[in-house]
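Sequences listed follow chains A and B, in order. Note that my numbering gives residue 120 to position 120 of the first sequence, counting from 1, and the numbers run on in steps of one. Note that my numbering gives residue 74 to position 74 of the second sequence, counting from 1, and the numbers run on in steps of one.
Simulated from the structure, these hints should not be mistaken for laboratory data. No experiment lies behind these values; they were computed from the predicted model shown. For every residue, glycine included, the Cβ atom is placed at its ideal position computed from N, Cα and C. Hints should not be assumed to be uniformly reliable.
Stated by the list, open to error - Here are the simulated lysine to aspartate or glutamate pairs, EDC-like style, with alpha carbons at most 20 Å apart: (1) B:Lys262 / A:Glu48; (2) B:Lys162 / A:Glu156; (3) A:Lys81 / A:Glu124; (4) A:Lys262 / B:Glu48; (5) A:Lys244 / B:Asp44; (6) A:Lys192 / A:Asp174; (7) B:Lys43 / A:Glu156; (8) B:Lys153 / A:Asp174; (9) B:Lys262 / A:Asp44; (10) B:Lys162 / A:Glu149; (11) B:Lys192 / A:Glu156.
Said to hold, decoys possible - Here are the simulated distance ranges between beta carbons: (12) A:Val86 / B:Phe84: 41 to 47 Å; (13) A:Lys16 / B:Lys212: 53 to 59 Å; (14) B:Val257 / A:Val133: 47 to 53 Å; (15) A:Val257 / B:Lys212: 45 to 51 Å.
There are 2 protein chains.
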Amino acid sequence: MIGVFDSGIGGLTIVKELFKTLQGYNILYFGDTARTPYGTKGKDTIIEYSIRNTEFLIKQGAKIIVIACNTASSVASEIIKEKFGVPVFEVITPAVQKAILVSKKKRIGIIGTRATINSKAYEEKINEAISDVKVFSNPCPLLVPLVEEGWIKNRETRMIVKKYIFPLKTKQIDTLILACTHYPILKDIIKKKVGKNVEVVDSAVSLALLLKEFLIKNSEVEKTLLKTDSHIFFVSDITQQFQKSANMILKRQVNLVLGNNKI
Amino acid sequence: MIGVFDSGIGGLTIVKELFKTLQGYNILYFGDTARTPYGTKGKDTIIEYSIRNTEFLIKQGAKIIVIACNTASSVASEIIKEKFGVPVFEVITPAVQKAILVSKKKRIGIIGTRATINSKAYEEKINEAISDVKVFSNPCPLLVPLVEEGWIKNRETRMIVKKYIFPLKTKQIDTLILACTHYPILKDIIKKKVGKNVEVVDSAVSLALLLKEFLIKNSEVEKTLLKTDSHIFFVSDITQQFQKSANMILKRQVNLVLGNNKI
């Protein structure tokens, strides 16, 4: 199985893309809804949670780990790669590759949670890949609760997005990375506020393609994956709202199962 | 020591009032910042967290427990009272007593987190105390993140408060209970939006008076309390933002200490 974890239900935007690109592979999802959100929390706490999530997925049969959470990818992906003997994919590398490809002026903006932005993980990866690039970032901590409340088209959401985007717009970025799995749900508003000339990049599509390519090249791993169309969605806490958001993202009734919920 | 716990730093609004009314008593605070917020989470998860927080405070020397979190008070206070052999105070009873006292038309509104409102704990306590009362409630899940971001005077916050308050205003309430320890920080905006004729009630002052009265009547408990002016503020996760919010609420530099942070 392909194990995917996120701090909550936002990572389902990644799963949606995996469904499109990697049809037929079993997905095992874990959303840490009992401890969500990660983005406002400290580094050590996020690392501990990420290790526990990975252990749970591997125990359940995951042969590949996808960290479908930007905060956990920024803070914990190196440790997860070192600690566990399975291929680990995170959401930063594919988004950075895509951004570098599309940015002509080499002025790249990043929006994400406070923990993601503070980690400077995106900035470092961009600077490693190309030189003479200007990176500007702004944390947008209110966007996750707005999305989780389903305030997708509200006037207040548009105003808050505008406020968060404005400082980046003045820096004349030509590419904007959505460094949080919740943000693609606000893509239309974000595109409108940042302007037509700015390319908006998220990691879902690029990540799915990267994973597909990996499976073609690594048949010994590919062989170990289950290939039925039944997927399991574990969460550490179930509420009506989490259920509603999960259904909204995947656009179908998702059967959330309680798991890994010992405190 | 008087042990106080909350899902995060919002409970410090209660501590602030305890400082005023119960000068000289040692306060031992625990804010579960690694798992905050509780208000969007499920009942069983909140109960488990509350039990663990109480165990931690008692182990650290607390002789009285104050549940300074409306969500935990609504969902877990009965269980905490049964499980532990110490006096337990919660924030619902004092707010309800005050509301009943000031409401003339017996039309009471309640705003709180989704978990608090869904629990119907306030509604039940009001109905137990008086008859012929009409209770109207509305969950306001975005107010906690807005306060934690320090968006106290922003236009967006005013608009969101207005939207949440409007359905209660149309019910012609004469009293509004702030059933979340974060909301007193938005009291000015809430008062403005709900109108002059509505009495806005929070539990902090009434709770502190109730506790004072209890200590006068129960000298055997009072004797066991430490009486120095040094207080300890434990949190399960420390970030700059939590530190900033804590300082903002208590209007001084608060020394946050990491504790009870095993996941």
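Structure-based check of each hint:
1. Restraint check: the Cα-Cα separation between B:Lys262 and A:Glu48 comes to about 9 Å, which is no more than 20 Å; the hinted pair holds.
2. The straight-line distance between the Cα atoms of B:Lys162 and A:Glu156 is roughly 11 Å, inside the 20 Å bound, and the hint therefore holds.
3. Only pairs whose Cα atoms come within 20 Å are accepted, and A:Lys81 paired with A:Glu124 is accepted, the gap being roughly 18 Å.
4. Under the criterion of a C-alpha separation no larger than 20 Å, the hint pairing A:Lys262 with B:Glu48 is consistent with the structure, at around 9 Å.
5. Proposed proximity of A:Lys244 and B:Asp44 is supported: the alpha carbons are some 19 Å apart, at most 20 Å.
6. Between the alpha carbons of A:Lys192 and A:Asp174 the distance comes to roughly 14 Å, so the proposed pair stays at or under 20 Å and holds.
7. Using a Cα cut-off of 20 Å, the hinted pair B:Lys43 and A:Glu156 is violated, with the two alpha carbons roughly 30 Å apart.
8. Restraint check for B:Lys153 and A:Asp174: not satisfied, since their Cα atoms lie roughly 32 Å apart, outside the 20 Å limit.
9. For the suggested pair B:Lys262 and A:Asp44, the alpha carbons sit about 11 Å apart, so the restraint of at most 20 Å is met.
10. A distance of roughly 17 Å separates the Cα atoms of B:Lys162 and A:Glu149; the hinted pair therefore holds under the 20 Å criterion.
11. At most 20 Å may separate the alpha-carbon atoms for a hinted pair to count; B:Lys192 and A:Glu156 meet this at roughly 19 Å.
12. A hinted range of 41 to 47 Å for the beta carbons of A:Val86 and B:Phe84 is consistent with their spacing of about 43 Å.
13. A C-beta distance of roughly 55 Å is found between A:Lys16 and B:Lys212, which places it inside the suggested range of 53 to 59 Å.
14. For the hinted restraint 47 to 53 Å between B:Val257 and A:Val133, the CB-CB distance of approximately 41 Å leaves it violated.
15. In this structure the hint that A:Val257 and B:Lys212 lie 45 to 51 Å apart at CB holds, the actual value being about 48 Å.
In this structure, the hints that do not hold are numbers 7, 8 and 14, in rising order.
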